[in-house]
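Visitor: Residue strings, one per chain:
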Amino acid sequence: MNAHTPLTHEAAPTAAHDVVQYVTVRIGPQLFGLPIALVHEVFVPEAITRVPLAPGEIAGVLNLRGRIVTMVAMRRLLSLPDAEGAPMAVGIEHHGEAFGLIIDEVGEVLSLDAARREANPANLDPRWAQVAAGVHRLSGDLMLILNVDLVLDRAGSAVARQDAGKRAEL
Amino acid sequence: MDDLLREFLTETSESLDVADVELVKFEQDPNNAQILNNIFRLVHTIKGTCGFIGLPRLASLAHAAETLMDRFREGRPVTTDAVGLVLSTIDRIKLLLQHVEETEGSEPEGEDRDLISLLEAMAEAVDAPAAPPPPAPPPQPAQTLERPLLPGELPLDELDRIFRETKVDPITPAPAAPAAPPKPAPAMPKADADATHAAAQAGEAHGVAAQSIRVHVGVLEQLMTMVSELVLTRNQLMEIARRHDEPEYKVSLQRLSNVTGELQEAVMRTRMQPIGNAWQKLPRIVRDLAQELGKQIELEQVGADTELDRQVLDQIKDPLTHMVRNSADHGLEMPEQRRAAGKSERGLIRLSAYHEGGHVIVEISDNGRGLDVARIKQKALENGLATEAELAKMPDSQVFRFIFHAGFSTAQKVTNVSGRGVGMDVVRSNLESIGGTVDVRSRQGEGSTFVIKIPLTLAIVPALIVRAAGERFALPQSAVEELVRVQAGSDHEITWLNNSPVLGLRDRLLPIVSLGALLGLSPERDGRDEALWERALIVVMKVGHQTFGVVVEAVSHTEEIVVKPMASALRQLPMVSGSTILGDGRVIMILDPAGLAQHAAARGGAAEEVSHHGAGRQSRASQKRSSLLLFRAGSRDLKAVPLGLVTRIEELEVARIERVNGYPVLQYRGALIPVLYANEEVQRVAAGTQPMLVFADGGRVMGLVVDEIVDIVEAELDMELSPSNMPEVLGAAVLSGQATEILDVAFYVQVAFGERFRHLVRSSERPRLLLVDESPFHRDLLAPMLNGNGYEVTACASGGEALARLGTEDGFDAIVSDVDLPDMDGFALAAAVRGDPRIREVPIIALATAQDRDALERGRAVGFTDCVAKFDRSGLIAALKEFTGRQGIAA
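These protein sequence lines are chains A and B, in that order. What the first sequence shows, in the numbering used here, is residues 0 to 169, in sequence order. What the second sequence shows, in the numbering used here, is residues 497 to 1387, in sequence order.
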């Protein structure tokens, strides 16, 4: 990574010098970018099984060609209201487990100069700031970089929190 | 981590486990040259490899141990201390290895001078006294005898040569090298005798070794996953095939199905390991314990080759270890106690394992003192787990099970081995989490046996597929007892205990929960949603000793499901243990019976108590509970009277009823008693018998004829007074989920004897009431009613007793007193209360005969807050409502 990179916690794929390729997705009104190397596939989530007592961010699990994929409802994670239309999902591999991020729609692939990445604005909603690894100014739009590790860590820690709460109750 | 290092770590950790076992054997049988050689070789290998891959700390430690071992090989006497020292050296080596593994190749800082010098000193020490023997033993034949012991191995003298070259031994007489290898004379015959046997064993072991290869667990796991996938795909294909009738491809599909099944079985077998692997560390643990506790303990293992899934094996290691420690610490007595009891000083712990059905049974038994029934009972009583009466009725086997309760330790003193009250409950929950159970048998003075039952594998389980809240779930079949369909009017009916539904199933009452609500998928309170509960489908589940029912919407079928672990983010969820993919490709959750049980219990307090039967009801048992006799009289509705008021329940022979002045009477136990029918609608049977309750107060006895005796229940009386247009009804309460009328026994007695019953008292106060009445009958009658109205009642029989209580106990909010008391009358009591500054403000409500106007007036003058006519129920309650909590004004 070069010296201008504001955050050190970027997910892997900045290998190709200064240019990073992002798959853009829309979640609610906002455009997000996921490093392309992390995205395994894009699919339409169907037959999601709810997981009882799981935190709201976990939409459930589904069977994707024989693998059980844990689905993360990105809108809920970002405190956005549930979507109306048919969602899409981005398949991610994280520590050997399969996850699907439910988003509204998938856009194009952008190649962006890492040097032009800017830090999260200071007044960004903390819930968003927790999962954003900076921002790129595009023509007429802003693209937040989604840090997948942080997203999935947060989805996981929600379970732990919830569980701890449950235990305390008992 | 490079391959060499990884291989070294795997190999040494195995070797060290073996060394532990071997050393313990060696201590018991110091003359066994075979064992000694095995250990020597192990230590030697470690030393050599460590030197090779650059782990100097390990190498020098192993070297020091090896030096000492070599002394023993030379025939120096083996002492317990020495073995202990070698064992602690092995522990240190393990510690270092662990660090090496964690850091991928570097040894921790520090050094092991302490152990090394001890080892060296020991080597010298054993050398000194043994100095004379070495010259004696050098007989040559040993050299040749040694070889056949080790077929296919590095020759022993070769090893020795390497060893000698490593370090010049400063103590052994310099030229001892040639003399050293031979075995000392005394050991020879033994070694000789063992030789063939040992060689045979060694040969066998090698045969096995040659036919097996080391495979990384990850590879097996992957294989397993793929086979699971194959099974699922096969299931999907079969499902499709069922819909399309195409015989030609059905044949191949059948073949595919069979092969898949076989493949699955074969892969499952690769995951199987002998249970002995979980026992490996036990000899060492037992040996250390024996030393620490000063006991002599022998560990016997039977059926160590019984195989089970490695995942299960991992799960039971800790519980097993704990139980063996327990047996050694608590189970077995001290040698002198054993001698006194006429047993051999050496205690025995026996581990055995065998297959039974789809389970493995493991038994851990000792021949020690056995469980102390009396102490367990006492402890159960102290912890409020059972009442004395319940304990008295309980068979010992049930009493023993209390040791699996949390925080239950009967150890008199806490040792660092056990006795901290955490343990057996953890053992139980660990085992239950993998679908196992644990039970205990014991005989005083003869020992105890713990029996563990565990499933062979966790990877594929038969499960019942059910539907709740619109989703399907898998319930492991091992926990499912039966299915019950509830129908109104059938034997299985759901009744409500204060918002907790319970199911009467044969002789048991089971707490039931709605699965959807339990899992938070359907609305929390189904309330009494008739549709759900009236024709509910209930899966009765049993976990450990807890039986409960879950209400589901539908049950589809039983299926062998392949358990897939939950994503790590979801692993901590309660009540869900995994997921699986069904034939139609849909993912469903596998529910964890133990978790369900726990949460089902936490849900309804009352229902949980019922579930424990003898073992559970206790803790909350308090004076607030009353026993009630339930019966029917007239209508189908239940009626009840406090059991304390019922002297007997008789079968009345209708023919024996006589009439006096037109009123029915009965000759009963030498007296003539009036007989009443509970109400107009009670059947007047023309012939035969009819149930009759007998009430007695003082000399007055009466019979009350009813239609049917239903039950005796113990319940918290939550009674509401009824409107007074039905004089015989005291109030209504919900018992066993049904609205039940509580009948007023006093009313019947009055009617029967044609006068107001002399001592009838009715009283109540807000939070705490002191009830003073001479008649136990009335106290019994009033206390439940007052309890039912939310008052806590302390009853006493005389004015003197009342004053004594008022003097010693604080916090009475009101006194309800009969004016007619045996020692002092109510007026005197009132005067005394008003004269005591501490209690002068407590309101006193007097109960007087209504006609006695004068008495009422006099009472007010003396200090009664109010006077109520004895049978003026609503007046009494009104008075209580008015005065309790408002003492100042009232006084």
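Worth double-checking, as some hints may not be accurate.
What the hints assert, rightly or not - Far from chain B, by Cβ distances over 12 Å, these chain A residues were calculated: (1) R25; (2) T48; (3) G59; (4) N62; (5) I67; (6) S78; (7) G95; (8) E104; (9) E107; (10) L141.
What the hints assert, rightly or not - From the structure, some residues in chain B lie toward chain A, with a derived Cβ separation under 10 Å: (11) I857; (12) I961; (13) A965; (14) G966; (15) E967; (16) R968; (17) L1014; (18) L1017; (19) P1070; (20) S1075; (21) G1081; (22) R1264.
Unchecked claim - Negatives, chain A to chain B, calculated, CB over 12 Å: (23) V18; (24) L30; (25) L37; (26) P54; (27) E56; (28) A82; (29) A85; (30) H94; (31) D112; (32) A113; (33) R115; (34) P120; (35) L123; (36) W127; (37) L137.
Because the hints were derived from the structure by calculation, they are not lab data. Glycine residues also receive a C-beta, built at the ideal position from the N, C-alpha and C atoms.
Visitor: Compare the structure with each hint and give your call.
Guide: Here is how each hint holds up against the structure:
1. Every CB of chain B lies more than 12 Å from the CB of R25/A, the least distance being 24 Å, so the non-interface label holds.
2. Listed as a non-interface residue, T48/A fails to keep its Cβ farther than 12 Å from every Cβ of chain B; the least gap is roughly 5 Å.
3. With 12 Å as the threshold on Cβ separation, the claim that G59/A sits away from chain B is violated: the shortest Cβ distance comes to roughly 8 Å.
4. Its beta-carbon lying about 5 Å from the closest one in chain B, N62/A breaks the requirement of being farther than 12 Å from that chain.
5. A Cβ of chain B approaches the Cβ of I67/A within 12 Å, the least distance being about 6 Å, so the stated non-interface status is violated.
6. Taking the minimum C-beta to C-beta distance to chain B, about 19 Å, the non-interface status of S78/A holds against the 12 Å cut.
7. With a least beta-carbon separation of about 9 Å from chain B, G95/A fails to lie farther than 12 Å from that chain, contradicting its non-interface assignment.
8. The Cβ of E104/A sits about 25 Å from the closest Cβ of chain B, beyond the 12 Å cut-off, so the non-interface label holds.
9. Here E107/A stays apart from chain B, with its beta-carbon at least about 30 Å from theirs, past the 12 Å limit.
10. The claim that L141/A is not at the interface with chain B holds, since no C-beta of that chain comes within 12 Å of its own (minimum 29 Å).
11. Hint status for I857/B relative to chain A: violated, with the closest Cβ pair at about 32 Å, above 10 Å.
12. At about 13 Å, the closest approach between the beta carbon of I961/B and any beta carbon in chain A exceeds 10 Å, and the interface hint on this residue is violated.
13. Interface restraint check for A965/B: the shortest CB-CB distance to chain A comes to about 8 Å, inside 10 Å, so the restraint holds.
14. Given hint, G966/B at the interface with chain A, holds; its Cβ is 9 Å from that chain's nearest Cβ, closer than 10 Å.
15. This hint holds: E967/B has a C-beta 6 Å from the nearest C-beta of chain A, less than the 10 Å allowed.
16. For R968/B, the suggested interface contact is upheld, since its CB lies about 8 Å from the closest CB of chain A, less than 10 Å.
17. Among the interface hints, the one on L1014/B holds; its C-beta lies about 8 Å from the nearest C-beta in chain A, closer than the 10 Å criterion.
18. At a threshold of 10 Å, the smallest CB-CB gap from L1017/B to chain A is about 6 Å, leaving the interface hint in force.
19. The beta carbon of P1070/B is positioned within 10 Å of a beta carbon in chain A (closest approach about 6 Å), and the interface hint is therefore held.
20. This hint holds: S1075/B has a C-beta 6 Å from the nearest C-beta of chain A, less than the 10 Å allowed.
21. Here the hint on G1081/B is kept, as its CB sits about 5 Å from the closest CB of chain A, short of 10 Å.
22. Against a cut-off of 10 Å between C-beta atoms, the interface hint on R1264/B is violated, since the closest Cβ of chain A lies about 32 Å away.
23. Non-interface status of V18/A relative to chain B is upheld: no Cβ of that chain comes within 12 Å, the nearest being about 32 Å off.
24. The Cβ of L30/A lies farther than 12 Å from every Cβ of chain B, with a closest approach of about 26 Å, so its non-interface assignment holds.
25. Remark: the non-interface label on L37/A is consistent with the geometry, its nearest Cβ contact in chain B lying 17 Å away (cut-off 12 Å).
26. A cut-off of 12 Å between C-beta atoms contradicts the statement that P54/A is not in contact with chain B; the least separation is 9 Å.
27. Its closest Cβ contact with chain B, about 10 Å, brings E56/A to no more than 12 Å, contrary to its assignment away from the interface.
28. The claim that A82/A lies off the interface holds: its Cβ sits roughly 21 Å from the closest Cβ of chain B, which is beyond the 12 Å cut-off.
29. Under the 12 Å C-beta cut-off, the non-interface status given to A85/A relative to chain B holds; the minimum distance is some 19 Å.
30. Against the 12 Å criterion, H94/A falls within the reach of chain B, whose nearest CB is about 7 Å from its own CB.
31. D112/A, annotated as away from the interface, keeps every beta carbon of chain B farther than 12 Å; the closest lies near 34 Å.
32. Distance to chain B confirms A113/A as a non-interface residue, since its nearest Cβ pair spans about 29 Å, more than 12 Å.
33. Consistency note on R115/A: stated as away from chain B, and its beta-carbon is indeed over 12 Å from all of that chain's, at 33 Å minimum.
34. Residue-level check passed: P120/A sits 29 Å from the nearest beta carbon of chain B, beyond 12 Å.
35. Residue placement check: L123/A keeps its beta carbon more than 12 Å from all beta carbons of chain B (closest about 25 Å).
36. Residue-level check passed: W127/A sits 20 Å from the nearest beta carbon of chain B, beyond 12 Å.
37. For L137/A, the condition that its CB be more than 12 Å from all CB atoms of chain B holds, with the nearest at approximately 32 Å.
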